[in-house]
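Chains as they are written, first to last, in full-length UniProt numbering: chain Y, 1 to 269; chain L, 1 to 269; chain A, 1 to 269; chain H, 1 to 269; chain R, 1 to 269; chain P, 1 to 269.
The hints are simulated quantities; they were obtained by calculation from the structure and are not laboratory data. Where hints are given, some of them may not hold.
All copies of an identical chain are treated as equivalent in the list; a pair is satisfied when it fits inside any one copy or across any two copies.
DSS-like cross-link-like pairs, simulated, lysine-lysine; straight-line CA separation at most 30 Å [said to hold, decoys possible]:
no.	residue 1	residue 2
1	K4	K174
2	K8	K174
3	K174	K107
4	K174	K27
5	K107	K8
6	K27	K103
7	K4	K107
One-letter residues, chain by chain:
Number of protein chains: 6
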Amino acid sequence: MTIKAHEKLLLTGAAGGLGQALRERLKANCATLRLSDRVSLGDAGSQEEIMLADLADAAAVDAMVQGVDAIVHLGGVSVEGPFGPILQANILGLYNLYEAARKHGVKRVVFASSNHVTGFYRQSETINADAPARPDGMYGLSKAFGEDLSRFYFDRYGIETACVRIGSSFPEPKDRRMLATWLSFDDLHRLITACLTTPVLGHSIVFGMSDNAVTWWDNSRARHIGYVARDSSDIFRDAVYARTSAPDLTDPAVQFQGGGFVKAGPFAD
Amino acid sequence: MTIKAHEKLLLTGAAGGLGQALRERLKANCATLRLSDRVSLGDAGSQEEIMLADLADAAAVDAMVQGVDAIVHLGGVSVEGPFGPILQANILGLYNLYEAARKHGVKRVVFASSNHVTGFYRQSETINADAPARPDGMYGLSKAFGEDLSRFYFDRYGIETACVRIGSSFPEPKDRRMLATWLSFDDLHRLITACLTTPVLGHSIVFGMSDNAVTWWDNSRARHIGYVARDSSDIFRDAVYARTSAPDLTDPAVQFQGGGFVKAGPFAD
Amino acid sequence: MTIKAHEKLLLTGAAGGLGQALRERLKANCATLRLSDRVSLGDAGSQEEIMLADLADAAAVDAMVQGVDAIVHLGGVSVEGPFGPILQANILGLYNLYEAARKHGVKRVVFASSNHVTGFYRQSETINADAPARPDGMYGLSKAFGEDLSRFYFDRYGIETACVRIGSSFPEPKDRRMLATWLSFDDLHRLITACLTTPVLGHSIVFGMSDNAVTWWDNSRARHIGYVARDSSDIFRDAVYARTSAPDLTDPAVQFQGGGFVKAGPFAD
Amino acid sequence: MTIKAHEKLLLTGAAGGLGQALRERLKANCATLRLSDRVSLGDAGSQEEIMLADLADAAAVDAMVQGVDAIVHLGGVSVEGPFGPILQANILGLYNLYEAARKHGVKRVVFASSNHVTGFYRQSETINADAPARPDGMYGLSKAFGEDLSRFYFDRYGIETACVRIGSSFPEPKDRRMLATWLSFDDLHRLITACLTTPVLGHSIVFGMSDNAVTWWDNSRARHIGYVARDSSDIFRDAVYARTSAPDLTDPAVQFQGGGFVKAGPFAD
Amino acid sequence: MTIKAHEKLLLTGAAGGLGQALRERLKANCATLRLSDRVSLGDAGSQEEIMLADLADAAAVDAMVQGVDAIVHLGGVSVEGPFGPILQANILGLYNLYEAARKHGVKRVVFASSNHVTGFYRQSETINADAPARPDGMYGLSKAFGEDLSRFYFDRYGIETACVRIGSSFPEPKDRRMLATWLSFDDLHRLITACLTTPVLGHSIVFGMSDNAVTWWDNSRARHIGYVARDSSDIFRDAVYARTSAPDLTDPAVQFQGGGFVKAGPFAD
Amino acid sequence: MTIKAHEKLLLTGAAGGLGQALRERLKANCATLRLSDRVSLGDAGSQEEIMLADLADAAAVDAMVQGVDAIVHLGGVSVEGPFGPILQANILGLYNLYEAARKHGVKRVVFASSNHVTGFYRQSETINADAPARPDGMYGLSKAFGEDLSRFYFDRYGIETACVRIGSSFPEPKDRRMLATWLSFDDLHRLITACLTTPVLGHSIVFGMSDNAVTWWDNSRARHIGYVARDSSDIFRDAVYARTSAPDLTDPAVQFQGGGFVKAGPFAD
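Excised from the complex, chain Y in its bound form (with noise of 0.2 Å):
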């Protein structure tokens, strides 16, 4: 049973993939879940409310924040591109973000940052939360500026932030690199959760991973958060390898743990 922690629950890029599978589940954490999203996120349904916003529009944003217990921040852009559009959504929007909750009360904030903020660590290294930012792009980048922005907010003003180092999260993992950053939707949910019920949850940085027997990944300093993984991505695995071929050591995707990220690039904007 998952605790009715909040009476308003804000979920933004409730459009995206994520935004979808969380769009059911977290309706056991609270007793409204306001949507948003830039685009159009169709009827609301029980429990639900829906109010769309460009993160970019700080009224817009302010309007969205006001009246809600805690978000699940989920918008904005979320794979590697120009840089352009990542200034607007990803940074400016980010802090209108926390400008709204600053001005509205807000006091818990879960952010879907990204294993692409630390990509330019090799995959035979196994790194915490307290290792140096190495981006991969302006993508992972932008969720650097996110994880030190909503420190300063929690220094600053004592808004509560969660900046979740989402790895993988999709049905299943496609190669044998997501058999390591694989995140599946419920282990998604159960990792929100706990932030969002924890005690006491500080500025923390938590990977977002199920339970895989590869990992690159050391989630000592969450322990606070009282995540609990129950899937894994090793069910999968003899299927992966089956349908895929060995790797190229010599690929900068293969060495580094943001894979395809860290090649990906430059854009024109």
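Mind docking chains L, A, H, R and P on chain Y? Use the hints.
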């Protein structure tokens, strides 16, 4: 099956809450269990021997220790309060106990230390046994003293001690903080058993907690003890949340690991 | 004697306080010094070339960077203030600068970062370059962004950067906090020279401070830069104490390394 | 199901205790298993190929390595003894092996290192792969040499190696020390399989142990290997305690992780 | 020139060796120097005030503390010996001192701790302020208690303390060990002055040593204090070597940092 | 004045470059200096004794060691080359040396190790003595072996060793890399003297460098040795820059600390 590793085991503080919980359980660890406290312990049962003693009385403590192979020391003041009684029982008393152990050749002690040795760390931090002491009161300070004193008796005289920083050992967790700090009576017994039977104990600090999802403590420096928790506070989680309200994050009792102790006192002696 | 290691060196922010202090000094480091700012820099002197540019204007920045071998980047907003101008000059502007460096093959940058990247550490703590960012405002946050962005351009494109976390670079320390943070103009020049001439710079973070007795920063991870301070705030100590009163330890501006910045804002854009 | 990741796998030291335990098991990992030792290995069974070689004979080692895709190297002296044979088999022999791997393009090696590389740490300490070597004799020293040599072949030539510091791999633990160090044959096979199949191995040191309650070793730097132990010494614990007496804590063989090895020798060559 | 930072400064233990050395020197730090000890201090000189007190007497200590702005606490037992007097003066006495400071609003204390807090580290080790206590006797243990107690008064009540782990403060080093541990009287005064005047002290541990070539202690966590040693034991080195013989490396007094203290006792009370 | 701490000191490798530099200097450290090498050393001068020996010849080494109180071991192969001679002189030879020391009760050795033990760290990294070995060739590997072997002889037999990782000891630095690695002959002598005379040496690793501005090495774990450099490469800096061109950052010899060694070989034996 527990191993009867000792011929005669001394349990101090046998009249207290944990003492009562261990009185039956520890009989599995020894041929004879010598029970001690300052107050009456009733009649000696099977396998039992009773020797009352005030810890501040060196002669009484010497007699209490004579003839045993190992000690489980729960005795002394176990809550925050005026310094006078703590000085007598927990500081002078502990000195008396180790002097007696030294004189009588007792080589292994399980010392009930406390999470209040490090009560001024935050509930959003994870600490291990090497984190400098940050006691949250006179009680925690006396336990820090005990840890240092037992370190000396190990370095100088080879007496091995496990300092067990007990979290909250009750039949079940009473509030949200205890979901992190809870130690079931059975896990307490498992932990003490591990300390008594591991081949080499050295001088070790180990946090006494069950296998709780939320935790602030890292026992990785105590792997040689071989403690494996089998209970967890998680089964009580929904009930605790249902009967308690959301914590006030501006309250020091919520911010710090020591809970209410960080606000106790000052006490007049 | 300083080594003229570069043919053409670009100095941005040349109209600001530090820019003015470096305008003459940096001529020792290069054949030609290209000066840039958003505002007038007067006539070009000997060894000088002037190219005004707004950092948010990608084309202007591209032209400014073309033809130089190395960059000393002081440009942008240098104090706490509204986010809008910081976003333009320090975030978009820095992206423009590194994109131009990438396109034109500039391989070494000295980036004026700031102690405000870590302004929310306490004045009783010593931190090194690996301490996670704790920015004390939008300005510090933008400098944290710059450090991460330059890390990316090193990991991906091999552009070396020294992120110089400048303390307080003024003719002399103005208050007790600056006794710890002071960086003389000559030491600033020594530090930049070391960054420009050390054989291998990599991506490095170095705290910009003179040889002050009181300090909060540990430059041990920047030994390969070879910076040796020759000035010290200590000669100003008695005078500063004489004209200032004892600090109020309950004031965040005294508790935290960032000083007054930790209390600035929020600003309306 | 184990993944047949290799076409032809070389197993050296196939006549030894662990070699015999792995001879059948490793057939699941490859199409053909090439077996080697200095002494007779009987007739080749199905999937098998046999090539005897003395490790100190460079030409024989070269022939032994030619044509394989990966190597599981158990060969050489495996107990403490005179330095001469260790020098020949474990030092010169290992050099010969890696030179052959370099010449023939073999890119992955599983090297049987030993807990005796760190045998002079105490049984009350937990160490990880970064703890400086403290070999407990000539055998442990030769394994430390092998770890450093394989590090060089990785840094210079990109040959990946897992240095598996095998604890005590026997059908069951023989004494109280082995309760900590035991590695079942099946877990040994699981560990080698993980080393052979993880996408990126790099140069890694991993302690070879089952999931024992008491342990002195922390494998957190080898998470990318994906080894999950399924056996445990714990089921043998009561029996081992029943047939052995309490250890003498003044005996170096009890104090140090290397056990009896720390007292062996000196040997005349 | 030393800064007269305090109006009325209390020096306890003023009759002891270090007390005498500081009696004149500390007048430069304050308008009035209040001197205290258990034994006679002679007549009050210029700038002086005398208040005798037994540290175990809470009322006397309260009176002694009333009216001062800061405390330099050298009082108590300063050598290894029976536990009784140490318990009274160094444990109960320190509690009395901090209670008095709390009641009277004294906000800064320089506490004479000792290298004997960590006397059981080896002379071939370098430790810093975070190394866990390893006291070498009852005296060192009482100083460890004092460090923890003052940590509590800082965390709970904001009273700042510098715990100065004094090495060997004598006119000159007496033996080879003291070449490492020597602290000249002038450097002792410089260190206390730094503790009294640094803007933010927090709760700090600092090793009290001159600028000796051989040392075992790392003061990098105390950089915010701004202590700069100007003396060195090195000028005494040849003379000390000439009059002493080579140390016996099997002697615990040579192996451990605490020197002869590690062999003292046990004492009958 | 250097202290004549030893009666008879053995210097091996006396015919080499450093051996020649030390032959006169070390006479200040002892009554008699025994010189050894494989090749002729000319006639014995005052205070000198000469005993030629091939390090691979155990009997000759035994004779060479008999009767001395301490050893400065520079002998063996000192550059990268084929493995055969390195195996004989640096591996077997070192074993012979320590066996002789053990048999004859020699208790202190200064072992000339090398920066090539860690040659595969980057020139933009700072490492200390605990950084895992990353040898850059067979020579560096043999020195890593020597460090581990001497650790064993300390842990098992109490023979103290200083492993001096000599940087570049020449009359003056030859290129830009040597500005970081340079060790003057006088500083080399100061360092060896410190190793020979410090009261407790233990088993220590110390980087042999002068007080150069640019450095990659942190000697903080060797403070108990008391080495203070008095020379610096800085006076040669401008001249070195003037006669050398800017380094190519894509060249491994520039990227890694080992310089050209990281590209040497492979060698046919």
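Here is what the structure says about each hint:
{"no.": "1", "hint": "K4 x K174", "verdict": "between (33 Å within a copy, 20 Å between copies)"}
{"no.": "2", "hint": "K8 x K174", "verdict": "between (35 Å within a copy, 28 Å between copies)"}
{"no.": "3", "hint": "K174 x K107", "verdict": "between (37 Å within a copy, 25 Å between copies)"}
{"no.": "4", "hint": "K174 x K27", "verdict": "both (28 Å within a copy, 28 Å between copies)"}
{"no.": "5", "hint": "K107 x K8", "verdict": "within (13 Å within a copy, 46 Å between copies)"}
{"no.": "6", "hint": "K27 x K103", "verdict": "within (25 Å within a copy, 49 Å between copies)"}
{"no.": "7", "hint": "K4 x K107", "verdict": "within (16 Å within a copy, 46 Å between copies)"}
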